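Chains as they are written, first to last, in the working numbering: chain A, 28 to 505; chain B, -5 to 94.
Because the hints were derived from the structure by calculation, they are not lab data.
Since the structure is predicted, the reported quantities are computational estimates derived from the model, not experimental observations.
It is possible that some hints are incorrect.
[What the hints assert, rightly or not] Once the Cα atoms are required to be at most 25 angstroms apart in a straight line, the calculated BS3-like pairs of lysine-lysine come out as:
1. Lys81/B <-> Lys127/A
2. Lys179/A <-> Lys81/B
3. Lys380/A <-> Lys81/B
4. Lys65/A <-> Lys127/A
Spelled out from the first residue to the last, the chains are:
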Amino acid sequence: MTNLTGFIMPDLGPVMPEIVMTCLALLILLSELVIKRKETIAFFSIVSVAIVTYLLAGSTGTTFNGMFIADGYSLFFKLIFMLNVILTVLISVKYIVIEKVNFGEYYSLILFSTLGMMLMASAGDLITLYLGLELMALSTYVLAGFLRHDIKSNEAAMKYFLLGSFASAFLLYGISMIYGLTGTTDLHAISSYISQKGLSGNPVLTLSMIMFAVAFSFKIAAVPFHMWAPDVYEGAPTSVTAFMSVGPKAAGFAVLGRVFLTAFGAARIEWTGILIPIAILTMAVGNIAAISQTNIKRMLAYSSIAHAGYILLGIIAGTSEGMASVLNYLFIYAFMNIGAFAVVIMLRSEGFKGDNISDYEGLAKTHPLAAALMLVFMFSLTGIPPTAGFMGKFYLFMSAVSAGYTWLAVTAVIFSAISAYFYLRIVMYMYMKEPKTAVQLSASPGIALALAITVIAVLLIGVFPSKVISVARIAAGF
Amino acid sequence: MVPLNWYLMLSAVVFMIGVFGFLTRRNIIIMFMSIELMLNAVNISLVAFSHYLQDMRGQILVIFIITVAAAEAAIGLAIIIALFRNKDTVHVDEMNEMKG
Chain A
28 MTNLTGFIMP DLGPVMPEIV MTCLALLILL SELVIKRKET IAFFSIVSVA
78 IVTYLLAGST GTTFNGMFIA DGYSLFFKLI FMLNVILTVL ISVKYIVIEK
128 VNFGEYYSLI LFSTLGMMLM ASAGDLITLY LGLELMALST YVLAGFLRHD
178 IKSNEAAMKY FLLGSFASAF LLYGISMIYG LTGTTDLHAI SSYISQKGLS
228 GNPVLTLSMI MFAVAFSFKI AAVPFHMWAP DVYEGAPTSV TAFMSVGPKA
278 AGFAVLGRVF LTAFGAARIE WTGILIPIAI LTMAVGNIAA ISQTNIKRML
328 AYSSIAHAGY ILLGIIAGTS EGMASVLNYL FIYAFMNIGA FAVVIMLRSE
378 GFKGDNISDY EGLAKTHPLA AALMLVFMFS LTGIPPTAGF MGKFYLFMSA
428 VSAGYTWLAV TAVIFSAISA YFYLRIVMYM YMKEPKTAVQ LSASPGIALA
478 LAITVIAVLL IGVFPSKVIS VARIAAGF
Chain B
-5 MVPLNWYLML SAVVFMIGVF GFLTRRNIII MFMSIELMLN AVNISLVAFS
45 HYLQDMRGQI LVIFIITVAA AEAAIGLAII IALFRNKDTV HVDEMNEMKG
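With the rest of the complex left out, here is chain B (with noise of 0.2 angstroms):
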């Protein structure tokens, strides 16, 4: 069985690849990607907690977090398509419309 600890090492893993992708990339699109990436490192962390304690709360908590992540998708595409419309750019460095 592999051990709890592997799990873990990879979900600090990909979350950290998720915070780094979100601070360096510029791109919304690829921002975007990177939450995503940190949601599922939660998930698999919370799945190997639930596995590894018998318990099914985490996976009730997976569940949701994928639904969540779906609507959350599907709001962040309206957006970006409405901001692509009036600006054709996707670039938050050419976002500067506000300063101050």
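Chain A on its own, in the form it takes in the complex (with noise of 0.2 angstroms):
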């Protein structure tokens, strides 16, 4: 206090990348007035995000008194939000013309998403996590219900907002029991506090473990707090979909394994009590109940909250090839599964929705090249090699089973069986039924571009899959 004029600026090197997204997303919100044709804005935020991810490279480092930390671990995760971001925009441009919601915010929203998402793979300090989280979610519950005029993406924003905020006053709970034990907010002083003074297997330190579960289960989809996702997956619009899927998911990835690895590392019998149970509950629970769905959006949600109980061993496993393994696979899919949206996107045309499995009957004869698109997407997710989605699924079971939980590892390879059946369905349905309907695909160059980038990258990563676990395992070493 006595200190006033002897402000010290924080080293402002390491945080640079999210000041200029900042800037750049303000500036692309203000472009709106001025710039009439929206795909120069579309333009513009990828030209932003390559901006940034130029600056990722050199800004490393811990700010701002640890509250912002950004080292290999952050990075990758960086990486996977600008790699969704690219995405999203491409498959977005000519979908959002369709949908006649051709508004600039859209982008600028989306940037301000991942600007939350950054923030909260870089926290170091409770308070600045849940502001990432905040940020993150009030942009997305936004995006959901950006249809303004359809009732179904309404009723979405409407349960991911209630449901959103529900999850995040069980976060703040959770931060304030850890705050009143501890007396910091800081993660690293959390885990020495813990350690020290023995608090593993304190009531309160379990009680406020299982609120953080709570509202990260929320995040990423797992049960039983998925209800949501269903619903939100059906009614958003289908670009949103894809980003919601990868982007907040990865998020709250990051900030699953920062806590509890970092923060309660100390009290790891007791979060992987808590844990596990989940992880075996998500996986049963998307896998089943994907099977009896007859629209592509919601079979496409249960099955991402299927991925999200298959990722949960990574974390439950505890170990940096744990992590590395997490990390890897959420960098896989977000290939495969925009890859898949993208060409779920392509099937919605002037007046057609093109979002129920039938549509896909006989897609192979009439538009073969889509219908491989969606066959290679389809092995990636079900785990068949030689696809990317093989390779992910591996490392993460084998970080399970060499931690010692091999049981779960088999569990999750019978629901990973399971899975076969509902992937495997749109192929059937693509392959062996005759058209009923004429399907009119509405590519663009856009899309052409997405499709092309996320099919050649799960195939290269399926061959040659020790370039992106190798980086991986570098990441996760923190």
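Work from the hints to combine the two standalone chains into their complex.
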């Protein structure tokens, strides 16, 4: 208090990508007023992301008294977020014209949401974590309700908003208990306080870990906090669904890994006890409920719930190898999931929804290339070699086995065998049925580019998996 | 001086009222108010801890929570209005466009 004049400017180097991202997102928000062609705004947002990605490489370190950490772990997550934005913008350009919501705010909201995710990945303090989480969530609520005149989209936004704020209230209660217990909100200070005082097993600590697990399970759509996912994924614009299924989920895993492995590292026995039932339930409900779906967006929602269950295995393993496989899987998941959604978006044309599974009947006869692409993504989501999805699951389950959770890995393999039924059903519909309705594909250069990137990445990582996993191993050594 | 326990009990009670309200009421506006109640319960406990620990972090977080809650209210009400324009209802039970 006495040293008011001695204000020391914090080192802005590590936080530079976020600062630039904020400025560019604001600029894009303003440019909507003068730029009439919205494609230009889409192009600008990709350029902004490229600039931020360039800046990411040179900015590492800890700043703001440890509240902001830019290390390999956060860098890897930020690369996933950047990838997510680029692919989402590419698949959105034509889609939002078809949906008649071609507004410039769309792109700036995506950038603000990504900024929130970047803050979450870098959070070294519970306050930064909360702010990043809310910035991400509030932008995503608006995006989910972006089809203002569509009742389904309104309903999706409403459900997402109500349950999202409910979950963040639990997060805050957890934070307040941890603050009362340890007297700090800094993740490393919490960790050292817990191990010094031998607090593992303390009921207040366990309760607050449950609160954190509730809030993060909501963000990654893990059972029993998954109820919002199918409705929101179905009602939201498909491009936003693609964005939501990768970005907020990856950000949720970023904070889950950081908080549970760093801050609660000393209380591992308790939180694995919380996360193991969540993981098993998530895999079970996700895979079994997906079987009976008739809407492809709902089916992909349950599939994304199931994938959250698989990824939790890497966190439960608790080793840096487990964390590396989580990073690796999320990276692969971004490609295969957005790829699948890109095909779903292509089927949407003027006056034709194209989100029923029956719309895929005989697609191989009318549009062989689109069907072949969908085939690759479905194989990858199932985890069939030589696609990337197989390698991702392989590393994930191996890390669980080497951490001594063989039975959990076996359970996951069984559930992933069940998942083959609903993924391959799409393939069966496309290749073995006769076309009923004439499906018009609404292809555009943007979607073509996104599909090319995703399909090449899925096949390339499937054949040469060592590059990504070795980078992930370096990143996970925090 | 009021002991810390009293504040914590008040906070827990208000939080539970919020949770109960959210789970039982079916009017969106009231559910929304219940969430605000939960956030304010957290604020009470944070300020109490902050005073008790003689540490500013808790109060800083409270300022942030109040700010975010304002933004959340703006977005929440905007979504409610968008919904109300398409469908004359603020009841969650009537939000049943999607099933399965």
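Here is how each hint holds up against the structure:
At most 25 angstroms may separate the alpha-carbon atoms for a hinted pair to count; Lys81/B and Lys127/A meet this at roughly 20 angstroms. Taking the CA atoms of Lys179/A and Lys81/B, the gap is near 11 angstroms; set against the 25 angstroms cutoff, the hint holds. Of the pairs offered as hints, the one joining Lys380/A and Lys81/B holds, with about 21 angstroms between alpha carbons and a cut-off of 25 angstroms not exceeded. Proposed proximity of Lys65/A and Lys127/A is supported: the alpha carbons are some 12 angstroms apart, at most 25 angstroms.
This entry satisfies every hint, going by the numbered hints stated previously.
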